[in-house]
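Starting from the structure of chain A, add chain B where the hints point.
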Amino acid sequence: MSRRLLGLLLVLPALAVIALLFILPLIMSAVGAFQVDGAFGWGNFVKTFDLYTKDIIFTVVIVSLSTVLIGLASIAIGGYLTLGNNPVAVSILRFLYRWPMFIPFIVVGQLMRTFLAKNGMMNNAAVSLGLMTPMETMSFLDWRGIVFAFVWKQTPFVALLVAGAMASLNRDTIEAARNLGASKLRVLFEIIVPQVAVTLTVGLILSFVTMMSVLSVPLMINAQSPTMLTADIAFRVNAYGDYGVANALGLISLVLASSVAWIYLRISLKERT
Amino acid sequence: MTALRNNLSALWWVPRGIVFGLMAFFIFGPLFNMLLWTVTEKWYFPHTFPLEYGFSSWEKVFAPRGGALESLGNSLVVALLTVVVSLALAIPAGYALARLKLPLRGVILLAFLIPQAFPNLTVYVNIARIFYEIGLNGTIPGVVLVHVSHGLVYAVWIATAAFSAIDPELEQAARNIGAGALRTFRDVTLPLAAPGLMASAIFVFLESLDEFTGSYFVGAPDVNMLPLLLYTTASGGNYQIASITALLLLVPSLVFMAVVERFLKADVLSRVGQ
Numbered sequence: 001m002s003r004r005l006l007g008l009l010l011v012l013p014a015l016a017v018i019a020l021l022f023i024l025p026l027i028m029s030a031v032g033a034f035q036v037d038g039a040f041g042w043g044n045f046v047k048t049f050d051l052y053t054k055d056i057i058f059t060v061v062i063v064s065l066s067t068v069l070i071g072l073a074s075i076a077i078g079g080y081l082t083l084g085n086n087p088v089a090v091s092i093l094r095f096l097y098r099w100p101m102f103i104p105f106i107v108v109g110q111l112m113r114t115f116l117a118k119n120g121m122m123n124n125a126a127v128s129l130g131l132m133t134p135m136e137t138m139s140f141l142d143w144r145g146i147v148f149a150f151v152w153k154q155t156p157f158v159a160l161l162v163a164g165a166m167a168s169l170n171r172d173t174i175e176a177a178r179n180l181g182a183s184k185l186r187v188l189f190e191i192i193v194p195q196v197a198v199t200l201t202v203g204l205i206l207s208f209v210t211m212m213s214v215l216s217v218p219l220m221i222n223a224q225s226p227t228m229l230t231a232d233i234a235f236r237v238n239a240y241g242d243y244g245v246a247n248a249l250g251l252i253s254l255v256l257a258s259s260v261a262w263i264y265l266r267i268s269l270k271e272r273t
Numbered sequence: 001m002t003a004l005r006n007n008l009s010a011l012w013w014v015p016r017g018i019v020f021g022l023m024a025f026f027i028f029g030p031l032f033n034m035l036l037w038t039v040t041e042k043w044y045f046p047h048t049f050p051l052e053y054g055f056s057s058w059e060k061v062f063a064p065r066g067g068a069l070e071s072l073g074n075s076l077v078v079a080l081l082t083v084v085v086s087l088a089l090a091i092p093a094g095y096a097l098a099r100l101k102l103p104l105r106g107v108i109l110l111a112f113l114i115p116q117a118f119p120n121l122t123v124y125v126n127i128a129r130i131f132y133e134i135g136l137n138g139t140i141p142g143v144v145l146v147h148v149s150h151g152l153v154y155a156v157w158i159a160t161a162a163f164s165a166i167d168p169e170l171e172q173a174a175r176n177i178g179a180g181a182l183r184t185f186r187d188v189t190l191p192l193a194a195p196g197l198m199a200s201a202i203f204v205f206l207e208s209l210d211e212f213t214g215s216y217f218v219g220a221p222d223v224n225m226l227p228l229l230l231y232t233t234a235s236g237g238n239y240q241i242a243s244i245t246a247l248l249l250l251v252p253s254l255v256f257m258a259v260v261e262r263f264l265k266a267d268v269l270s271r272v273g274q
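These protein sequence lines map, in sequence, to chains A and B. So in full-length UniProt numbering, spot 197 of the first sequence is number 197, and the numbers just go up one at a time. So in full-length UniProt numbering, spot 143 of the second sequence is number 143, and the numbers just go up one at a time.
Isolated chain A, as found in the complex:
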């Protein structure tokens, strides 16, 4: 038996799982989106845009805003870890930033439900510091809560990737620029960030797609209208058994996500070849 054939045989079972349990249902959902009572048509999309246009915009805005904030926070953390002079401060930051990384989304949802609530710790701390009175407190469990939860959970992951890429850069150019009098901020944005742009983009795209498909955070934090598409899909299936509109919503989020995933595939294929 040739080594090629043997190799393919060894990979085949794992690939079959992906094909049967992911790609097949993915195709089913794409086909199902165009099926109305057994016939093909645009009915599901008409209904979807009638009912959920607001939620589609809401989802895109929330996920994009979170992605931008995650990017900025990761650059700040990675930049400080790379350029910080004070070793104690750098190790404090290194210790601090990673904690939320492996905390599951469903737990993040629960944490924020208590932390950002009207009587949550964030408001309580502000009241204790005299920044506001108990009557002025308000709940952040709306779109702000979702953005906070996403940024809280995804920043460590992107920052870890970005900091790793920054650490492996050639230090000579950085030192040279510093010696010529460039400020740290300038070095960060003109020398370091362009060199880690690929890693940053990959991390942000993976985060974007992850956030597009998280169901637990919108369910836990803000399930009222307007909400995210994931919550709508779950509602459509559980409340009405309406797979047509659910699949149409799924296809729309798929198109949104794959427009960014496409960028990812191009980057990583280019790196591989």
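Simulated from the structure, these hints should not be mistaken for lab results. Keep in mind that the hints are not guaranteed to be accurate.
Here are the simulated BS3-like pairs of lysine-lysine, each with C-alpha atoms no more than 30 Å apart in a straight line [as the list claims (entries may be wrong)]:
1. A:Lys118 to B:Lys60
2. B:Lys42 to A:Lys270
3. B:Lys42 to A:Lys118
Label pairs and their computed distance ranges (CB to CB) [stated by the list, open to error]:
4. B:Val84 to A:Ser2: 27 to 33 Å
5. B:Gly106 to A:Gly130: 54 to 60 Å
6. B:Pro15 to A:Met132: 21 to 27 Å
7. B:Val251 to A:Leu69: 25 to 31 Å
8. B:Phe26 to A:Pro134: 17 to 23 Å
9. B:Val84 to A:Arg94: 48 to 54 Å
10. A:Leu20 to B:Ala173: 37 to 43 Å
11. B:Gly106 to A:Thr133: 55 to 61 Å
Derived coverage of chain A by chain B (criterion: at least 3 residues anywhere in the stretch with Cβ under 8 Å from a Cβ of chain B; other residues may be distant) [stated by the list, open to error]:
12. 95-107
13. 120-134
Virtual Cβ for every residue (Gly too), placed ideally from N, Cα, C.
Just chain B, lined up with the frame of chain A:
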């Protein structure tokens, strides 16, 4: 002059202290708030801290009819089975991707990323429909299969990296003194790759333990698991029990974060995805 400079650098700790203090508050605040809820008996607006502390919710959670033990048991069984199935698929695949010449190797590696790179919600909705037809919906094997498809990317990518980090000459040496291909794999390659495989097992275990969406559509309401218990108690407004469940899910994640570097050495890590 040096004294002045020392004073100035000491002054830098004021902005640093404020920034790190805020970071610590926003990172640990939610965790601390949850810990408080796990031991709260009575707490309402506008009190900053609970009015009464106690462990009565813990008793409720772990009471025989509390549902938590069943969910914990199901979650552990599913996670362990997911690890076994994933590794059984990923060890041969990883070995082949690392050692054997494969056509379209890059494309095959990327194929395992697909479940992570596309929004998976509608996929689970449709898997639930297929599983319903063939009687797998609401069963433990059904949930395991869904978790395997999702965790396979970690299993395969890390296993591939672990195998390619091994020096091929070690295997060659074993072959030269007469060991067969299978014996070489069992006695040389597998033990050397063990730490990396262990890391991939932990990743898959956690991924399964924390998975919500697939369990929600394929498992619920017949197979109860911890994330589902957390969701139902939280939406029922029971913050104490929801927080205790959250803590149960949180501990393995934090322990893992602390030990991951022991299993995932730099030589393996730098090869992940390549």
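Hint check:
1. For the suggested pair Lys118 of chain A and Lys60 of chain B, the alpha carbons sit about 27 Å apart, so the restraint of at most 30 Å is met.
2. For the suggested pair Lys42 of chain B and Lys270 of chain A, the alpha carbons sit about 58 Å apart, so the restraint of at most 30 Å is broken.
3. A threshold of 30 Å between alpha carbons decides the hint, and for Lys42 of chain B with Lys118 of chain A the separation of about 16 Å falls inside it, so the pair holds.
4. In this structure, Val84 of chain B and Ser2 of chain A meet the distance hint of 27 to 33 Å, their C-beta atoms being roughly 30 Å apart.
5. In this structure the hint that Gly106 of chain B and Gly130 of chain A lie 54 to 60 Å apart at CB holds, the actual value being about 59 Å.
6. Between Pro15 of chain B and Met132 of chain A the CB atoms are about 24 Å apart, so this pair conforms to the stated range of 21 to 27 Å.
7. At roughly 28 Å, the beta-carbon separation of Val251 of chain B and Leu69 of chain A lies within the given 25 to 31 Å, and the hint holds.
8. As the Cβ distance of Phe26 of chain B to Pro134 of chain A is approximately 21 Å, the hint placing it in 17 to 23 Å holds.
9. A beta carbon spacing of about 35 Å between Val84 of chain B and Arg94 of chain A contradicts the range 48 to 54 Å that was offered as a hint.
10. For Leu20 of chain A paired with Ala173 of chain B, a C-beta distance near 40 Å keeps the hint of 37 to 43 Å intact.
11. As the Cβ distance of Gly106 of chain B to Thr133 of chain A is approximately 60 Å, the hint placing it in 55 to 61 Å holds.
12. Note: the segment 95-107 of chain A has 12 residues with beta-carbon separation from chain B under 8 Å; the three-residue rule is met and the coverage holds.
13. Given a C-beta distance limit of less than 8 Å, the hint that chain B covers the segment 120-134 of chain A holds, as 8 residues qualify and 3 suffice.
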